[in-house]
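So the sequences go chain by chain: W and P. Last residue of the first sequence: 225 (numbering that gives the first Met the number 0), numbering continuous. Last residue of the second sequence: 155 (numbering that gives the first Met the number 0), numbering continuous.
Each statement offered as a hint is correct.
Derived BS3-like pairs (lysine-lysine); straight-line CA-CA distance at most 25 Å:
{"id": "1", "chain 1": "W", "residue 1": "77", "chain 2": "P", "residue 2": "151"}
{"id": "2", "chain 1": "P", "residue 1": "151", "chain 2": "W", "residue 2": "132"}
{"id": "3", "chain 1": "W", "residue 1": "212", "chain 2": "W", "residue 2": "22"}
{"id": "4", "chain 1": "P", "residue 1": "151", "chain 2": "W", "residue 2": "6"}
{"id": "5", "chain 1": "W", "residue 1": "44", "chain 2": "W", "residue 2": "154"}
{"id": "6", "chain 1": "P", "residue 1": "151", "chain 2": "W", "residue 2": "154"}
{"id": "7", "chain 1": "W", "residue 1": "79", "chain 2": "W", "residue 2": "146"}
{"id": "8", "chain 1": "W", "residue 1": "44", "chain 2": "P", "residue 2": "151"}
{"id": "9", "chain 1": "W", "residue 1": "141", "chain 2": "P", "residue 2": "151"}
{"id": "10", "chain 1": "W", "residue 1": "141", "chain 2": "W", "residue 2": "27"}
{"id": "11", "chain 1": "W", "residue 1": "36", "chain 2": "P", "residue 2": "151"}
It is worth saying that the hints were derived from the structure and are not from the lab.
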Amino acid sequence: MVSTKAKLNVDELKDILETYHNKECWTKTQEWFEPFKRNNIERAKFLTSIMYTPSVLTPQNTSKLIGDFNVLQGDIIKTKAAITNNPVVDDYNPMNETLYVIIPSSCSVQPGRYKWVLLARLSPIGELDTEPKRSYYENVLKFKNGKVFFFPPIKDINIGPIGFYAIFEEISYIENSILQSSLRVASLSEIGWHLLNAFIVNHLTRPSNGDYKARATAYPREWSIS
Amino acid sequence: MPNQAVALSNNCYSLTPAESHSSWSQFTRKLGSATSIISAIPVGKFLEVFDNKFNGDSLIVFRRRDFDNLNMLSNMSSTVSRCLMQIDKMTTTYENAKNPTDVISLIHEQARMAIEFTVIPTTTSTDEYFSTFLSEGEEDSGDEVTFPSSRKDIEG
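Hey, can you work out the whole structure from these sequences and the hints?
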């Protein structure tokens with residue numbers, strides 16, 4: 000259990016996560032979280048405190064970056080218009096409004112720029128009434144499960160009282176032109192956004208060591224301009 | 000014939016037979032398109048196709064959602080993956096194939112993949128599966144373990 004006197008330097012975590020594209024970032028991130036040990040309440044509480052912006056980002060406070068478009072990568076949206084192919088858990092009903100996070104891509108989502116926008120569905124976490132559910136939850140909180148990412152509860156959203164699993168085993172997407180029919184319910188903070196990026200880089204797009212080795216020699220060490 | 004219902008079951012998620020076909024030609028007569036196959040298999044069900052060409056085994060077809068559930072909730076994921084990819088191809092093959100002989104040849108290959116799935120033992124329960132998965136590298140340090148039970152536990 001975290002001692003009441005233990006203090007963690009969150010700026011340190013922020014600095015680590017800013018290098019989310021580096022190989023060492025994830026190891027350092029996990030080391031930073033080690034003092035939480037198995038205190039999953041405190042761990043979830045911390046993630047809740049850092050994950051979202053205090054209020055949803057709007058075109059007004061980001062207008063110079065995104066023009067009149069009203070969603071950003073890392074926004075949580077509620078919509079019926081998204082498509083989830085082959086949902087892996089039974090709680091998905093296409094007729095109901097569902098929460099999704101807009102997956103960070105190479106740049107912010109802009110009007111007319113892409114036809115489709117990639118999403119990950121947020122599945123509300125139910126009661127942790129059995130050991131497998133508790134263990135699964137703990138594992139996800141510790142970022143050990145590469146298939147799902149933990150999202151804390153969202154203010155004013157009744158479902159997901161102890162959070163959500165963002166499911167990366169499914170393919171979810173929405174057409175850009177109807178994105179604006181969705182309701183934005185939360186935005187990731189800078190640190191939350193980088194944490195999600197680090198997770199994606201290290202779990203979903205991480206190349207194997209073999210890949211590194213195979214690519215390492217694929218360039219000339221010197222280049223003479225003729 | 001192997002007992003597919005048992006082979007496809009596990010403690011957390013199980014499939015039951017929808018229908019079986021005693022020969023490949025009977026199967027294709029009744030379900031000659033991807034659309035008709037899909038409508039013939041409700042969620043949680045599978046169908047079996049037997050044929051002499053399968054050397055005494057059978058072809059198992061079930062829905063992608065069931066595959067995902069099995070994949071998520073059982074210990075059979077890697078083998079099921081191989082099986083499913085082949086079945087996915089099978090429906091595409093149905094839609095695109097012009098020569099029925101080629102289809103049968105391809106399905107025969109795919110059937111062999113599916114058969115591997117049916118012989119996987121299912122003795123590991125879901126609880127065991129999760130605890131095995133979760134305890135990897137986890138040592139019992141004696142630290143107190145806590146879990147939230149409500150929103151107020153984790154909101155400031």
